[in-house]
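S.K.: Residue numbers (this note's numbering), protein chains in the order written: chain A, 1 to 334; chain B, 1 to 334; chain C, 1 to 334.
Simulated from the structure, these hints should not be mistaken for laboratory data.
Treat the hints with care, since some could be wrong.
Just so you know, same-sequence chains aren't split out, so a pair can sit in one copy or run between any two.
[To be verified] In silico lysine to aspartate or glutamate, DMTMM-like type, Cα no more than 20 Å apart, as pairs:
#1 K333 with E210
#2 K300 with E281
#3 K193 with E251
#4 K49 with E320
#5 K10 with E130
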Amino acid sequence: MNSTIKHSVKVVAEHVRATMHGDGRVNVTGVSSIPMASPKDLVFVEDEKNLHLALESPAAAVIAGDFAEGTTASKPILISNQPRLAFARAAQFLFGSPKWEPGIHPSAVVHRSARVGKNAAVGEHVTIGEDVSIGDGTRIGAGCVIGSGVRLGQDCQLYANVTIYPGALLGDRVIVHAGAVLGSDGFGYVRDKETGRYEKFPQVGRLEIEDDVEIGANTTIDRGALEVTRIGRGTKIDNLVHIGHNCQIGEDVVIAAQTGFSGSIVVENNVVLGGQVGIGEHARICEGVMLGGQGGVLPKKILRGKGIAFWGTPAQPLREYLKQLAALARLAKK
Amino acid sequence: MNSTIKHSVKVVAEHVRATMHGDGRVNVTGVSSIPMASPKDLVFVEDEKNLHLALESPAAAVIAGDFAEGTTASKPILISNQPRLAFARAAQFLFGSPKWEPGIHPSAVVHRSARVGKNAAVGEHVTIGEDVSIGDGTRIGAGCVIGSGVRLGQDCQLYANVTIYPGALLGDRVIVHAGAVLGSDGFGYVRDKETGRYEKFPQVGRLEIEDDVEIGANTTIDRGALEVTRIGRGTKIDNLVHIGHNCQIGEDVVIAAQTGFSGSIVVENNVVLGGQVGIGEHARICEGVMLGGQGGVLPKKILRGKGIAFWGTPAQPLREYLKQLAALARLAKK
Amino acid sequence: MNSTIKHSVKVVAEHVRATMHGDGRVNVTGVSSIPMASPKDLVFVEDEKNLHLALESPAAAVIAGDFAEGTTASKPILISNQPRLAFARAAQFLFGSPKWEPGIHPSAVVHRSARVGKNAAVGEHVTIGEDVSIGDGTRIGAGCVIGSGVRLGQDCQLYANVTIYPGALLGDRVIVHAGAVLGSDGFGYVRDKETGRYEKFPQVGRLEIEDDVEIGANTTIDRGALEVTRIGRGTKIDNLVHIGHNCQIGEDVVIAAQTGFSGSIVVENNVVLGGQVGIGEHARICEGVMLGGQGGVLPKKILRGKGIAFWGTPAQPLREYLKQLAALARLAKK
């Protein structure tokens with residue numbers, strides 16, 4: 001994949017803090033996997049055993065780990081102790097943000113009380129409510145609907161057809177993919193013992209999303225019932241995830257696709273959750289826990305153990321769970 | 001959380017049919033949880049042991065159960081035999097519906113044959129097809145697309161970016177959250193034995209949603225193939241739920257997030273389904289059954305037992321299932 | 001369900017290549033299930049034992065299998081060796097595509113560089129980006145957002161509020177249901193070992209969708225990270241499915257609702273996946289495998305066996321899995 005931006009590898013190396021080996025004047029315009037590389041591309045290699053593949057590819061230059069020091073090669077090598085990270089940053093540098101033209105598209109409907117920051121862009125058919133505040137450099141994709149009182153920080157990117165309910169607060173550099181719904185009513189009802197009918201419990205709390213969060217396509221995050229739903233700084237959320245009311249999600253949490261949280265769950269920092277995980281209300285997932293795909297956590301349960309992998313429903317330490325699977329397989333063969 | 005409406009607690013007590021103890025002239029403008037309460041808030045307490053927390057909080061007044069009778073307190077107490085329900089109704093009374101201005105926004109495209117009721121509101125960038133009928137007091141959020149022949153009852157609330165396919169019928173007071181898709185084609189194909197290719201089985205049935213149903217964000221409900229998909233009165237559906245063609249969902253059913261129904265399933269009244277439940281085609285979930293999160297029901301299976309909790313895949317009575325989990329854990333430790 | 005089109009059963013029989021028995025001049029305008037049939041409807045029957053129900057119904061005519069040869073009946077019978085398929089084709093013939101008026105709605109915003117084919121239709125509030133190409137006869141529903149460089153083939157149908165990210169390629173006759181998001185960023189990050197923060201791995205690849213694919217409501221398909229995500233010809237995808245970056249989905253694959261694929265998965269041709277299935281990264285599902293609802297496949301796992309049914313997490317041949325369930329049930333009763 002190639003951008004319209006061209007840089008010498010020397011400039012790229014400086015930007016990503018890699019050490020330049022070889023001819024720094026070589027230009028790159030794109031990044032690639034090794035099998036797909038063209039002569040304008042930068043590639044990367046994390047394992048010494050794959051270094052020769054990178055060097056033999058048509059790529060213009062290679063980002064590699066320390067193992068590549070002293071290698072004699074026909075193409076420039078950028079050495080980094082985190083080659084994958086250096087590659088990611090190089091891509092960011094070469095591609096930057098998708099290009100946008102600042103300003104409000106004439107088809108957008110923006111309430112006169114809304115404040116739109118410098119260099120911000122409001123796309124086609126967008127609707128922006130009363131007292132909304134949009135930070136500098138923030139881009140709102142076509143068809144988004146931003147409810148009254150919402151505040152978006154700086155340099156956010158909302159893709160198309162996102163809906164934000166009134167009152168939600170987003171920090172800086174938040175990315176929201178198409179079709180996501182932020183700040184919807186939580187799922188809370190009270191059953192009238194006399195009639196057997198359900199009536200709505202108040203869903204009048206707030207949603208707060210901190211800096212550098214990314215939210216996947218068609219994901220839904222409910223606002224608090226009476227309190228606040230919070231997504232911590234740097235947390236990354238995949239597509240079609242559901243986060244219920246009053247959840248407190250920590251910082252640098254990773255949540256894979258189709259995982260669901262019912263209400264009032266606490267997820268501490270640095271947790272990693274696989275896809276299709278389900279977590280019951282009032283559960284707590286402690287700092288650094290990892291939980292495999294389709295795992296389930298019962299209501300009120302506390303899952304504890306930094307760096308420990310859990311799996312299954314109800315979630316157990318991976319080793320225990322594998323033992324049970326093996327025991328069951330043996331039993332069935334008897 | 002505070003509204004712009006102020007009422008004396010005496011008026012609130014009358015509205016929610018609670019008995020007033022103490023000074024009924026005290027005003028409230030909002031509702032709150034006990035820890036977050038401000039002096040303008042109404043709070044509630046269901047357990048006698050928490051009554052003192054409510055009374056010691058800064059809240060203006062407290063809704064409590066019968067256990068609070070005879071309590072001497074520095075603040076007014078509204079006594080109800082269903083305090084949580086009284087609180088929910090008080091919130092509804094103080095906040096009401098989100099405010100809206102009746103009328104059709106100039107950016108909306110409304111087919112000339114459509115009928116829009118009194119006090120109804122059609123938001124920004126809405127599209128309304130031929131022969132659509134919208135009841136009095138119904139509000140259509142920005143970006144919604146309402147297909148031809150759709151009928152919406154009175155006092156419905158559609159949030160932003162909802163899509164309704166042609167021909168769907170919705171009752172009164174139906175709430176549809178942002179991004180939901182109602183009346184889409186069911187998933188039905190016929191494989192041609194000669195070519196191995198799939199061809200579309202006709203998906204020309206209807207979707208009917210009865211009064212007082214609430215539908216969560218980004219939920220999808222397919223219309224019938226040849227017959228009707230029906231959602232019964234008062235049923236509450238959370239976010240990202242999928243309901244396939246020809247399903248018959250009863251009244252006062254509760255369906256938590258990410259649950260999925262394949263085709264032609266019958267769910268009787270008063271069923272409660274946890275999140276991420278999956279139900280196979282032609283299954284029947286009988287009156288009053290409860291099924292825990294991530295549970296699975298096989299095609300054609302009948303799940304029976306009013307008030308009985310089921311769990312697991314395939315779903316079993318909770319007691320059986322817990323016994324199996326325990327037996328397996330013991331076995332693995334041998 | 002009735003269309004506005006009327007045909008004699010003789011014409012229908014010719015269209016669906018069935019053999020006409022009885023009076024071919026009888027007219028039909030719709031299709032129906034047997035219990036709902038009206039005198040204008042065509043019904044079908046696959047089992048000999050239900051033939052009498054079809055013949056006794058008010059339907060105008062019956063499509064039946066070879067078993068109906070020689071039956072004396074008061075209504076015309078169309079005999080086909082694939083009666084369900086013949087019925088599906090008859091419905092397609094009677095209903096055709098939903099009617100549409102070619103042209104670009106005045107409320108749509110179409111970039112001047114975009115090419116819109118003959119007989120194509122661009123709906124209300126649609127946004128079409130730079131260099132988009134839309135094939136002849138393709139219809140874009142209200143509220144869709146089509147990113148720059150997207151190419152749509154001929155006779156595609158996009159329902160309302162679909163979002164397509166820049167650069168995606170769709171073949172001919174692709175159907176995309178409302179709210180689907182195609183070509184969004186994959187879920188890939190690199191953790192900086194020094195700060196512990198996640199940075200975006202480049203998601204600059206492409207999405208390619210081949211001819212005759214159907215994609216359900218609110219489904220999300222990510223584009224490749226550096227390479228291509230591909231959906232093969234004739235594959236049918238239900239609602240709320242998630243397909244991650246770099247997945248290679250084969251031809252004539254059937255994927256039921258809420259199933260999720262993480263990254264770089266290969267699914268070969270003719271695979272059938274139930275609802276809520278979850279598949280880990282770099283797994284491969286080989287030609288003709290069937291996997292039951294809620295099944296799970298571990299990362300890098302290869303599932304092999306044409307026509308073999310798998311179930312459970314981790315997925316096992318159905319027979320093995322049922323044995324394990326039975327053994328566990330026995331164990332718990334001891």
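S.K.: The structure should be examined with respect to each hint, and the outcome stated for every one.
M.R.: Status of each hint after checking the structure:
When the C-alpha separation of K333 and E210 is checked against a cutoff of 20 Å, the pair qualifies neither within a copy, at 52 Å, nor between copies, at 44 Å. Taking the shortest alpha-carbon separations for K300 and E281, only the intra-copy value of 6 Å comes in at or below 20 Å, while the best inter-copy value is 30 Å. In this assembly of identical chains, K193 and E251 lie within 20 Å of each other by CA distance solely across copies; the values are 15 Å between and 41 Å within a copy. For a Cα distance limit of 20 Å, the shortest separation of K49 from E320 qualifies neither inside one copy, at 34 Å, nor across copies, at 40 Å.
Taking the shortest Cα distances, K10 and E130 never come within 20 Å of each other, neither inside one copy (49 Å) nor across copies (33 Å).
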